[in-house]
Each structure stands twice: as structure tokens, then as C-alpha cells.
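Chemist: Here is how the chains run, residue by residue.
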Amino acid sequence: MISDPPIFNSSPVLEGTDEDQLLRVSLGPQHPSTHGVFRMNVELDGETVVKLKPVFGYLHRNHEKIAETTGYLGSMPYTDRLDYICPLSNNWAYALSVEKLAGIEVPERAQHMRVILAELTRLVNHTAFMGFILADMGAWGSALMYAFREREKILDLFEDLTGARMMANFMRFGGCRNDFPDGWDARLRTLIDHYPHFLDEMEEFLLGNEILLARTRDVGALPKESLINGGVTGPMLRAAGVNHDLRKADPYGIYDRFSFRIPLGEVGDCYDRIMIRFLEMRESLGILKQAAAALPGGDFVNPKIKIRNFKPPVGESYARVEGPKGELGFYLVSDGGPNPYRYRVRPPSFINLTLLEDMCLGLDLADVVIILGSIDIVLGEVDR
Amino acid sequence: MSADPAVVLESLRAAIVGLRADLRRNPGPAAQHSILVDPDHLLPVMRHLRDHCGFDLLTNLAGIDWPDPKLADAVAVPDDAGDAAVRAAGGFLEVVYHLDSTKTRGAPLVLRARTADRSDQVSIPSVVGVFRSAEFQERELFDLFGIHFTGHPDLRRILMWDAFEDHPMRKDYVAPDDYEYEPTPHGDVLEKARKHDPPKP
Amino acid sequence: MIPLLILAPLILLAAVGAVWKARPVHAALFLALALSFTAVLYLALGADFIGLVQFMVYVGAVAVLIVFSLLIIHRGDESEEAARRRRALPLGLLCALPVPVVILAAVSRGAPTTVEGAPVLSVRQLGTLLFTTHAPAVIAVVVLLTAVMVGAALLAREPQPDRRP
Amino acid sequence: MNDATSSPKPPGKRWSLPGAGLLKGMAVTGRNLVGSFFTKERMTTVQYPEQRAPISPNFRNFPFLVHDGDDPDAGLRCVACSICEKECPPQCIYIVLERDAEGKSLKRPKIFDIDVSVCMNCGICAEVCPFDAIYMDGEYELSTGDRFEGLLFHKERLAKSADYHMRLRPKEATQVMERRKAEEEKKAAAAAAKAAKAKAVKDADANPTASANPKPEGGEA
Amino acid sequence: MTASPAAVDAAGWFAPEQLPMLPQRLVEHLLSLTGAPEVLISIAGIAASAGTVLLVFSSAFALLSLIERKVLARAQNRIGPNRAGWFGLLQPLADGIKMLTKEDVVPDKAEKFLHFLAPVLIVLPAILALGVLPYGRDWTPLPLEAGLLFFFAIGALTELSVFIAGWASGSKFPMLGAMRAISQMVSYELPLILSALGVVMVSGTLSLQEIAAQQSGFHFGFIPAWNLFTPWGLVAGLLFFICSIAEANRSPFDLPEGESEIVAGHMTEYSGFKYALFFMGEYLGLFAIAGLGITLFLGGWQPPVPGLAYVPSWVWFAAKISVVIFLYLWIRASFPRLRIDQLMRFAWLCMIPMALLTLPAAAIWHFTGRGAFSWLVTLPLLLVPWIILGNVFNRRLAPGRRRYRFADG
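Chains as they are written, first to last, in the working numbering: chain A, 1 to 384; chain B, 1 to 201; chain C, 1 to 165; chain D, 1 to 221; chain E, 1 to 409.
Excised from the complex, chain A in its bound form (with noise of 0.2 Å):
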């Protein structure tokens, strides 16, 4: 029986501190380590945080008023603009909660081809975050461009395969847009021969090192369960050592069919963090030799389904998916017209921010950034 949560009460000043020694800082919106435009009120006591109020808001469109007003299809796109550093996987989750909605079953080809395309966006997004945590840290970006060369690499794929290296505008309801270009997959098996030797050198580059060791270690550690209450999914959730992976849990596409492990932590700081996100990779090359290896011919979407007025039946469905950064879901509601008439988004990053003063109350300033890297959000999420 868990006790109920320490319930957030409003202004939670740490014990000792005098009111007017206060100094109130405002990060962001405009910052250069908040991932975009995501501002958080600071109180400081000195350096240490005594109070931290998030505000969010800066990027919001609406995107789900808008998917009310467009049809099926007309969505796609726009889910590209969701979590802007991983759009293959969102197409992946929106037209796998259509797909469960009309009931449309997905060709074998295009199932194998989902998966390479997920495993490369969660390879791309890991990639980039471990650029971006150094940069955090203040390593100058070296880091930085390191990831960022060998995300060129896979992005550049993608722009073979769907036109765009990152608004890929890919999936379809029923499978993908168009089939592999000739000689994509043969470059797909250099890269993903290639890439251990970027995993190593980066290893090499980053978990010797004692300055990173001494920055990293019990920062931003919370218990398993108010993690798990904090409704937190992803990699920071099993850094704490909760196995909760849907492509397990919860199995969707052919995810059964691949051997792979599921890494878990031990503390949940920021340093398992980091560790997780390594493993992940390593794990990830491992479905995509599989996938690439076993990659059957065949139409690679469902002819039967017509691309213009597409109608689903009246009723609603839950998707979702096992996101670089947490549970993607979609929650669609039909009513038989061309729009969905409730388009609502489950944003990994978003809800994962919810414990973000938990984890820095009694912290320093410089632990604020880190642990705000190691959460990973990118604000086209978490604003919508």
C-alpha cells in the first residue's frame, strides 16, 4: 500500500531558508539549455534551488484543434511536428491508432520496414541527446558534433527513403508511403555495421570521464514509485529499474517476432540515465541487423485502402508507442466523418516534466540544466 504522494503543495520552500535572501531567476524561455522555448521560475537560496516553477505554453498551436478540422490523412504531416527530432515514430503511433480504429491490417513488408524506420529515429534521438547532455555540461559542443555526424549518416537515409530528412510525412494508414529505394538497404547494413565504432568512441569520450562521473552521480534520483506515480515512462523510467518497455508490455507491430533485452538501472540518476540511453542503442542495432536481415518482398501498404475520404467506422481507439522518449499515445474518437472528432496526443516529454521540482529541490543550478537534459524533451511535445 503506497502511502499517497507528498500531494504538491504549492509552494514547497525548503526548511531554513529566510524569505527575502531569495533570489528569483528566470530560466528560459529564451536559454541556452532548455531544449527550446520551455522557461522555468527559479527561486535560490545562494545556488541551491529552494523552488522551481515550470511554465509552459511558449509553442503551443493547438495541434489537436487543428486535427478536428483536417481529415485523416491531412494529419500525418503534422505529427511530424510533434517531437521534431523523432517524426517516423509518431507517424508510427498515429497511424497505428487509425489502423486500430478502421480496423485495417498492415502488409508483412511494411511491419518489417516500420520497425527499421522506429529503431533508426530511437538511434537518432539518442544520438542527439548524448550530444546535447555534454553540451549541457558545458563540454563546447565537442560532443555535440561527434552526434550530430553520425545522425547526418541515418538522416541522410531518410531522405532518400521519404523526401525529408526529418518531416518524413511517412506511414500511411495501412503500411508506408512508397518502398525502399534500390540500394537503400544495402547502405542501412554499412550503417548499421558501422555505427558500434561512434557508440565506442563516445562510451570512451564519456563515461570515464570523472568530471562527467562527478556531475552525473545521485543528480535528479527519485524513488521507483513516485516515478511510476509521477506517470513517467521511457528511458528515465527504467533507469530507476522498472521494467516497463511496450514494446514488451504492451506488443504492437512485430516487435514479438525480434529477440532484444530491455536495460534497466539501479538508482535512476542522472548517470543511469545516460547509461540506459547507451544500452538502448546498443539494443536498437541489434532488432535493426534482425529486421534488416529478414526483410520479406511484397506490396508495402494495404491496397485496399483509399487514400482520399478515408471514413472510419463510428467508435475510438488507443495507440501507442514505445517513443525514444516514453509512451506515444493517440486516443482517436470517430464519428464516422472524414475528421476524427477528438484527436487527443499522450506527449512523453510533457508528463515527464511533471516531477521536474521533485527531482531539483536541493540542487545547484548547474544540476537544474543537467537533470533538465537528462529528461529529454523537445517543446513541439510538450507545448503541442
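Just to be clear, a hint being listed does not mean it is correct.
Here are the simulated lysine to any residue pairs, SDA-like style, with alpha carbons at most 25 Å apart [to be verified]:
#, chain 1, residue 1, chain 2, residue 2
1, A, Lys51, B, Gly129
2, A, Lys51, E, Ala264
3, E, Lys172, C, Leu71
4, D, Lys86, D, Glu149
5, E, Lys109, C, Leu70
Hints listed in this document are in silico derivations from the structure and should not be mistaken for laboratory results.
Following the hints, position chains B, C, D and E against chain A.
Modeler: For chains B, C, D and E alone, kept in the frame of chain A given last:
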């Protein structure tokens, strides 16, 4: 405990005496059936689900605005057996909860709670006391739908700026066109589009 | 003599500034200015070692620490500070009265104003002197200083609540 | 859950030379520093104005209208059916059908504007167009000084020849060409068949008794 | 500097070895021809030698700002500025013009005069400190008898100026930056001076020319007799190098302007040429501290290899200072930043004890005959505590090994 609503409903009825809740069938092929719970019983139901039924992760809160209840009952079909808490003629606001479990595998459990009507009685008890993850999501529903969550520690607008009055996600929301207007033909493209398929009432 | 004529009024001005200024930080900076001018005075008189040590110790350490403590307690309402200063003026003048009297007495009795004949010591000789003939005095000072250091550290360490989770 | 307690590098091992991790970090930057002079694979910088990175054939930027033959106005494939205008998510296409004097549609767009400041080059218009009239362009140097007129592409600027499309995307263009040729033949065959049937009916009128047509002709294809 | 020598050995002036003194001698020679009074000639001579130092080091500052960006770029697989001029050589000029033409914004809550004074006070000590370093065999612009003491005395002024910059800007981030800067500089000045003390003890003098001169000669023919190649000198040199990074506010210790946390620290409210002055102060301070490090531990202008006598001495000084500066750039490209309390703990718990240890080690090394035997005695005395201290420090910081389990259930 498996996420099948029927089984969960039985365990809830056993645990909470005089529970007003019924099973709602999802007509679409997704077949994700849900349990409609009366707002007064929401907190005990949530506490029971978290402590005894193992649903410890509240992943998603979705708000839906139902101006006409018939459409709501078309999407979440009440089976006649249950003592359907049939609404009066007016519309209402609805909150859909998706509860997941980190211990057992499977799809999430779907719960629904409905307000009395769309204008003044729009309050639903806040579940932040039971699931801390609902805190920001409830603030978002308050901001975009106007559903008032009683017992929420810090109910403020989260996405819109504080001076904003209306609730944008309501079906009858009219977007203010007070921003400066750029004279591009795009303007009449919007008019043309509005003629093609006018937004539903 | 010329450097003395130039530097003395400067030191006086800086000292008055240090006393007169309402804002504590300005006062501290004027104090640092006064001390650095005295260091320049030592250098002008050829005592290199003393001048550099004076500059290093006073401006480098004392002034910085005063300023640092001011930075920590950066709340300070300067408004009623000026009023208090008005009331203290007569008392201050009264105490300052004997100083010009002593100076005038010394100058009228023809105290030597020049400085020749003072032994010019090189750093090496100074070092050997300090650690041979005056060794016990140096050791006493060292012990005293360490005691003061340890005392200050203990006093400053008010029980900080360890806030690390 | 098998607890394979293995981790690639046991960080914080029992006795480590302090500072060794830092030196390893410097070794990595050093290797990159030296490597950047030798292994070309590390240096990915493209000096833009002088060198240009080749765009991939599948790259899509703003759309363009395809016209057969060389006269952009006559050979335009677009029949102003405005399906793309309805399907475009941000509503940035604006089509006005050209009608002749007494209002009969000439199956040609009088005005075809794309507001490029709104278009997000998602490619849905190219996907839903049944007449292969609109495809995504590969040209990306479109900067202009004027925010309103400069970013509003009219029909003249959008129209490009079919062989430009062939040069831009050879594989896709050839498929389109074959499909159009196949339709041409089918339509020609249908027209021929219809013409033959009309001739046959005419013959029948000329000599009604000669050959009563055994079975009434179905609607033409 | 002696009065102007007779014209006959004027040929000597142009020898490569005497090149740095050339401007001073020319000015003095010309003035003496015009028959100006003696005092004026000596003042002009000093001004000329000061002018050479300023000219050389401001051009070196311009070059370093370009080379830093080039080296950082290459370490990150980029090319670095190559648009302005040939290979980017005009980039410093371009930066200078940009800085001059940028509008000089002064926040209204700032103390106007102090806000203006701070950048000047940052550049001043760096230039003064440059005057006292021995650049060649017999050329030191300001040959003081207590040169090292002068260097540290002037160095103490930078803390005051950083505080003025931070406090006078009036807004929050500079205040935080000033707090961090002072606490960092004060706590790293101590190990800096302590590690230099070993050299003073062994060479017995405070004058830098003496220290550099004493490090001549070679052991066993090829190891130069620099202070670095002694057991205590190795550790003291390393400590001095680390503390010099902290004094110059550079990479692992660039907390005062940690831009990912407090935007630009005490320099946030500055723009235009005042911002450029801050950078000039930082880079000249870097040259000064690197120059001092070379003089104390790497034998100033002593040649590293016995054979090359004809190479002028100041070339060796330039070569060594560029190697040390390259080390700074390399470190800047590869280390994240420390947190303020770790920084302080590292200074007080790790640097100062080690620095104190080098003093008895130097004494033991001196009294056991400075030969191979003394190596055997002093080296373990220094290395063992380093290992122990390092591991205790690491274990306290990074307790316990982390195990990661894999669940495929």
C-alpha cells in the same frame, strides 16, 4: 489483474458498495470497452484500482466535449443491462482515463467520467491525490476544456496565458481573428475551404 | 619628496571617500584604492618587497574578502544609512581632532622629513634577517595566524542543513 | 527476467588512476583533431557556395506543375479538379477553373497559386493528384525579398516541363510516362472501338436490312 | 638597459639574438643623436620596450583568438573560420571591427562608472604581468629583483575587477557569475602560489631571470635540466598547470561564465568593445600565466636540445608558450564543466594538500644530492598520496560500481 473492463467492474462492485458505474461498449473494430464511473465514486474507484488491482500507472487523461449526448452514447454504447446513468437532454464534458500497469502486460484499462452539463456544473474530483501524473494533464483539461477539478492543489492555466478567458478545445469555440491580417490571397483560400466542408456545429 | 607630495593627498582623498560613501560596495572599493596608493608609496620609496606584499595582501586578499562578504549579504537598505551618518558627524570630528594636532607638533619640532640613511635591504637579506634574528617573532605570528584561521573557520560554519536528497 | 548483470564498461572500478578517464577523453578529441586532417570520412563540411551537396532524387521541396510539350500554358496536365486544394492540410493551394464565354469548363486552371510561405512541402498534393499534374520540386534556392508577392507562386512560375521532371526524378518520371502511355493506348483503343461502332451504326442506317445487329451495344468503355 | 653603445657594434643589434631589444636601442640611439636630456632618453627606451611587448602580445592575442577557433573546430571535425581572408587570417580583424561597431548597451540599473571601469581593470593586470617575464637570454622588459612576487601581486587584482564587473551590472546572472568567480579565484590562488614556492625554494631567488638562467645545462647529455624533470617539479608543474586553467577561467573551470547555466556570468551585461576587452584580458592573462609556467618549470628560454646554440633564445620561449597554449585549447575541447561545490572541494581537499607536499619533497630532493637517488626517495613520497587522494576523492564522488541488468521478460 487483466485489463478486461468486465472483470474489473466485478471486482469494483465487490469492493465499493452502492457503486454507480456501468460498462460501455466500443462499437469500432478497436473494441476497447470502457467503464463509465459516476464522478462521486471516482476517487474510491481509482484508489481501489491502484492498490488492489495493480493499475499503478495513469498514462493518459483525455477530455472530450459532447454537445449532444446521443453522439456520446453512439461512441460509448451503453449495454441495456447496466443501470445506465442516462443523462438529461443537455450535452456534457467527459474525461477519459487510461490506466496501465507496470507489473502485468497488456492494453490499458479505460475509465470515463462525465460532468453534469457543459455550462456551470463542470466539476470532477481531481485524482492528483492518488496519481501524481494527473497533475499537469488535469491543468491542461481545465485550460482547454474548462473542466474544474475539485481538490487539485494548483489549478491554473498551463498552455494558454493566464489572461485568456475562453476554452479553445470546446466544439463551440470561435477563434478570435484579432491578430493583424496579412493581405495574401491565402485569406480567401480559407473562405473557400470553409465553404467546402463547414465545421460541424 | 615629489612622490610623497603626489601620493599623500591621493591616499587621503581615497580614505575620505571610503568613509563618506553611502553604498558599502563603493566604500570597500575606495578602501582598496587607498591601500593600493600606499603600496605605490612604498615602491616609490624603493622598498620593493614591502610594496608588493602590501599590494598583494591588502588589495588581493583583504579588499576582495570584504567585497565578497558584501556580495553575500546583498540585501542592505542604504536609505536610513545616510540619516544615521548625519547624526554621527559631530562625534566623528571630535575623535579626529587629535590627529592634525600630532602632525603639526611633529612638523614644527623639525622631525626628519627625508628618508636617507635607511638601510636598503634586498629580498635575500630580508629573508635571512627574518628567519635568523627575528625567527621567534615570526613563529609566534605564524601560530597566532593559524589559530585565527581555525577560529574563523569554526565560527563561519553555522549548521548548514545538508540539503542533498 | 534474466539478470545478466553485465555492463559494457564497469565505471568507477575499484582502483583507478585518478584522471585516467579525463586523459581518455582527451585522447578521443586528439584522435579526432589529427584524424580530421587525414580521414576524409570525418570531415563532413560542404563549403556551400563553392561546393553543393548533391540532393537525393527523392528529396521534396515545394510543388511544381508538369506540362507536356514545350508550351507551359497549353500542355499543362492540370485540369483544375482542385482535389489537391481540398486535401492540402494547411490549405495553401488556390485554384480558379477557366470557363469560356458561356460558362463551359475548359478543364484548365485560370489561376493556380501556391502560397509557399504556408506550404510545408508534405507531398500530399502530389500523392492525391489523379492526373500526375503536380510533383514535388528539388530546387531549394528560393530566397526572395518580398514577403507577400515573392512567396506566392503563380501558375507561370510553377509550370515546368515533363523532361525537367524526367531529369529531376528519372525513375518516377519513367513510371509516370509508361502509365500515361498505357492510358493513351487504352483511350485510343476505346476511341477507335467507339468510332468503329459509330461507323457500324451508320452503315446499319445506310442499309438497315443488311446486317441486323444481333446484340445491342453496351455503353462504351 | 645600458646607455646607447658606440655605433661600431651596431651590427650586433641586428643579430637574431638581440632582435627583441632592437626597438629600444634604436629609439635611444636616435634620441641621443638629437641631444635630448638623459632622463627623457631612458623613459623613451622603457616606453619602446613596453611598446614591443604590447605589440607582440596584442597580435598574438588576435592570432590566438583565430587559432583557438580553428583548433576547437578541428577537434570537432569542422573546418573553422576560413572565409575572412586567406585561411581565415583576417578573422580577428573582422571580429575587431564587429566589436567596434556593435552598440554598447549599458543597463540602466548598472553603476555607470564601475561598469565602464571593470574591463579596463581586467586588461591592466594581464599587461603588467607580461612585462616581468624573461623572454630572452638577457632581455626582460622589467627586470625586477622580486619579479615572481610582482606577478602574483598584480594577479590578485583580477578578482577585484571580476567582482566589479559582476556587481556593477546590477542584474542577477552577473551577480551569480561574480560570486562564483571570486570564490574560484581565491581558492585556486593558494595552490598556484604554493606550487611556485617549490621553485623559489630550490633556486633561492624571486627574480624570474635568475630562475630561468639556473635551469641551463643537460643531465646525461639529452635531458634538459628544467625544473619539470625533477620529482617534485613534475607534481608542482602539473598542479601549477591545473591552477593556471582555473585562474584564467578556462574550460573545466569556466564556471564564472558557464554559459549553459548563467548565460555569460559577469560578462552578460557587456557588449561592443567592452566585451572584446574582457576577452583580451582573458587571453593576455592566459599568455602571462603560461609564460610564468614556462619560466618556472620549462626553463623559460633554455634550449631543449643541446646542439642548437645558434637559434635565438626568445624563439624557444615562443615555441614553448605555443605548446602550452595548445594544451589549454585541447583541454577546452574535451572536458565538461565542474559544479561550484565540487570545484571548491577539489581545490581545498585535493590541490592544496598536494601543493604543500611538494615543498618538503623539494627539500628532501635538494638535500639528498639532487641525483638519481633523490628521485627514488621523493617520487614515492609524492605519487602514493596522489593515488590515495585521487581514489578517495573519486570514491566519494562516484560511490560504488553501477550494475545494469537486462530484462527481456
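Chemist: Which earlier hints can't be squared with this structure?
Modeler: Structure breaks no hint.
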